[in-house]
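**Q** Protein chains in written order, with the working numbering: chain C, 1 to 308; chain B, 309 to 590.
Be a bit skeptical, because a hint or two may be false.
[What the hints assert, rightly or not] Some but not every residue of chain B turned toward chain C, in silico, with C-beta under 10 Å: (1) L338; (2) F481; (3) T541; (4) N548.
[As the list claims (entries may be wrong)] Okay, the calculated bits of chain B under chain C, using three or more residues with CB under 8 Å as the criterion: (5) 314 to 326; (6) 369 to 377; (7) 399 to 408; (8) 430 to 436; (9) 507 to 519.
In case anyone wonders, no lab produced these hints; they're calculated from the structure.
Nothing here was measured: the structure is a model prediction, and the numbers come from that model.
Idealized CB from N, CA, C, for every residue including glycine.
One-letter residues, chain by chain:
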Amino acid sequence: MTAIDPTIAAAKSQRGWYKRNEIAVTPWLFLAPAILFFVFYVVWPIYQSIAISFYDWDGLGEARFVGMDNYAELMDDSAFEVSLWNNLKWLLFYLLAIPGGLFIALFLNQTVTGIRIYKSLFFFPFVLSQVVVGLVFSWFYLPNEGLLNTVLGVFGMGPINVLGDPTLATYGIIAAGLWPQTAYCMILYLTGLNAVDPEQIEAGRLDGAKGWRMLWFIIIPQLKPATFIAFVVTIIGALRSFDLISVMTNGGPFGQTRVLSFYMFEKALSEYGFRMGYGAAIAVVLFLIMLVFIAYFLWSMWSEERGR
Amino acid sequence: MFPTPIEKGSRTWQLTYQSLLPMALILWLLPLIAVAIFSVKPAVDFTQGNYWGMPSSFELVNNYGQVFFNSDMPRYMLNSMLITVPTVIGAVTLSCLAGFALGIYKFKSNIWVFFMFVAGNFVPFQILMVPVRDLTLDMGLYNTKTGLVLFHVAFQTGFCTLFMRNFIRALPFQLIEAARVEGIAEWKIFWYVVIPLMKPAIAALSVLIFTFIWNDYFWAVVLTQGPESQPVTAGITSFNAQFRAAYHLMSAGSIVAALPPVLMFFAMQKHFIAGLTLGAVK
Numbered sequence: 001m002t003a004i005d006p007t008i009a010a011a012k013s014q015r016g017w018y019k020r021n022e023i024a025v026t027p028w029l030f031l032a033p034a035i036l037f038f039v040f041y042v043v044w045p046i047y048q049s050i051a052i053s054f055y056d057w058d059g060l061g062e063a064r065f066v067g068m069d070n071y072a073e074l075m076d077d078s079a080f081e082v083s084l085w086n087n088l089k090w091l092l093f094y095l096l097a098i099p100g101g102l103f104i105a106l107f108l109n110q111t112v113t114g115i116r117i118y119k120s121l122f123f124f125p126f127v128l129s130q131v132v133v134g135l136v137f138s139w140f141y142l143p144n145e146g147l148l149n150t151v152l153g154v155f156g157m158g159p160i161n162v163l164g165d166p167t168l169a170t171y172g173i174i175a176a177g178l179w180p181q182t183a184y185c186m187i188l189y190l191t192g193l194n195a196v197d198p199e200q201i202e203a204g205r206l207d208g209a210k211g212w213r214m215l216w217f218i219i220i221p222q223l224k225p226a227t228f229i230a231f232v233v234t235i236i237g238a239l240r241s242f243d244l245i246s247v248m249t250n251g252g253p254f255g256q257t258r259v260l261s262f263y264m265f266e267k268a269l270s271e272y273g274f275r276m277g278y279g280a281a282i283a284v285v286l287f288l289i290m291l292v293f294i295a296y297f298l299w300s301m302w303s304e305e306r307g308r
Numbered sequence: 309m310f311p312t313p314i315e316k317g318s319r320t321w322q323l324t325y326q327s328l329l330p331m332a333l334i335l336w337l338l339p340l341i342a343v344a345i346f347s348v349k350p351a352v353d354f355t356q357g358n359y360w361g362m363p364s365s366f367e368l369v370n371n372y373g374q375v376f377f378n379s380d381m382p383r384y385m386l387n388s389m390l391i392t393v394p395t396v397i398g399a400v401t402l403s404c405l406a407g408f409a410l411g412i413y414k415f416k417s418n419i420w421v422f423f424m425f426v427a428g429n430f431v432p433f434q435i436l437m438v439p440v441r442d443l444t445l446d447m448g449l450y451n452t453k454t455g456l457v458l459f460h461v462a463f464q465t466g467f468c469t470l471f472m473r474n475f476i477r478a479l480p481f482q483l484i485e486a487a488r489v490e491g492i493a494e495w496k497i498f499w500y501v502v503i504p505l506m507k508p509a510i511a512a513l514s515v516l517i518f519t520f521i522w523n524d525y526f527w528a529v530v531l532t533q534g535p536e537s538q539p540v541t542a543g544i545t546s547f548n549a550q551f552r553a554a555y556h557l558m559s560a561g562s563i564v565a566a567l568p569p570v571l572m573f574f575a576m577q578k579h580f581i582a583g584l585t586l587g588a589v590k
């Protein structure tokens, strides 16, 4: 036997180690790039934001530790209060997209000629960017020339300046947001309706269920997965609302259309000064609100995983 | 099928439905139709208060010509392309790898890694804003397309991994077991067995992410400024400042800005909807 070249031996034992542990090691090799990116840009910044919220920092100079001061200041900040209430309105009224989407889906769930084109045209608003939706709706609401007031004028009503009115403006923006969101929910329900078990419908018909009772007791329970997803995306959409507000009113009139996400941006990055710490504190509040929902979503996903 | 198919209804109901359909559609798309009409109107219509009437002359070529040759719009469109396409490629690649790992292998922390991606995907952007902007500044990538792409890839990886992992879970696991029995290396199983089966998921994700990133506004505002790297969603605001109250040009600009995802949607409709509704049916 000749002596084995040590490098070859090392290579062999290395390959051997990988071969022996292939099943255990491979997933981590596959996961590494995604985890690196995600931790670097998403997980770590969450921690950093929470940390920054305890500091007074203009983004350039030295940060000064102030403890809970930022949060204490939030308590007395009337603009923060307005934003919080507006977020609540968004959460509540944005959910109208779910019954709205179901309604349109039921309306379109037929097999007449050309229905496919109708379905995709009804879905169309979802593909538009929120910036474009915002522009379109702000022209729709124009105080004198807008289409809304032209139509109201025909019925002898109006004119109303939706986006100029502190109480109406938020609802006007939510209505604009509902347009693409309803389209999204519609497509979810159309897919759901496609998968409804025809035998159960037949059985229901034999038992004399019709119309509303059929919908409520037989159809809606079967649409549960679609409803869950519609709920998730609508809640997230409501709490993320930023684009529409920025384009349509820029927070006005008198700051009455601000929501937390917008107010945070204003505090941290706009002409009102660079208060990173205060902005981060607002973001943390928004994050905590979202965390309630995230926990719920994860919990329901988890129980479904276990049920499998 | 629910509701009862229209063919089983009375003749009158059928006719009512047939006429209700186009009316409902026009009502639903009214704001959009208005903008489309705006975009072919001459400027004089707006100064004379003819907002909602017929255009007094047909200025399609003129208005869109202005957008393409007399503004920064083409520049913004190019930026959007250069941001969106690399993001799609990056996010889909990373999530194919991660989705494979989470979908195929059973290891203790599997569910926790998965939940990290899912939870991160739901997080409000604002909590990331200050640190990510800072990070981008520190890396010298502020106001570059690269900076925007890197962040988008990272953030979209959350959603994409959720999607891919669920898709791979639904594949027949026997295929992988059979390959293992044959002694095929794990990465070869990924490349030769799983990837070909994932083609529909890759197509669906690509169109979805294309639309999401093209339509992003928040990060464009936070991480870029000025025409050299801003995408079209942010550019349209400066475009509108340039043509203040010129509704015909602003409408034409908006339509141009919205067009790529719309074309994408109509061309890849099946994949798009399959992607959006994954999970809507058990």
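**Q** Decide, hint by hint, whether the structure agrees.
**A** Now for the hints, and whether the structure bears them out:
no. : hint       : result
1   : L338       : holds, 7 Å
2   : F481       : violated, 13 Å
3   : T541       : holds, 5 Å
4   : N548       : holds, 7 Å
5   : 314 to 326 : holds (count 4)
6   : 369 to 377 : violated (count 0)
7   : 399 to 408 : holds (count 5)
8   : 430 to 436 : holds (count 7)
9   : 507 to 519 : violated (count 1)
Consistency note: the structure conflicts with the earlier hints numbered 2, 6 and 9.
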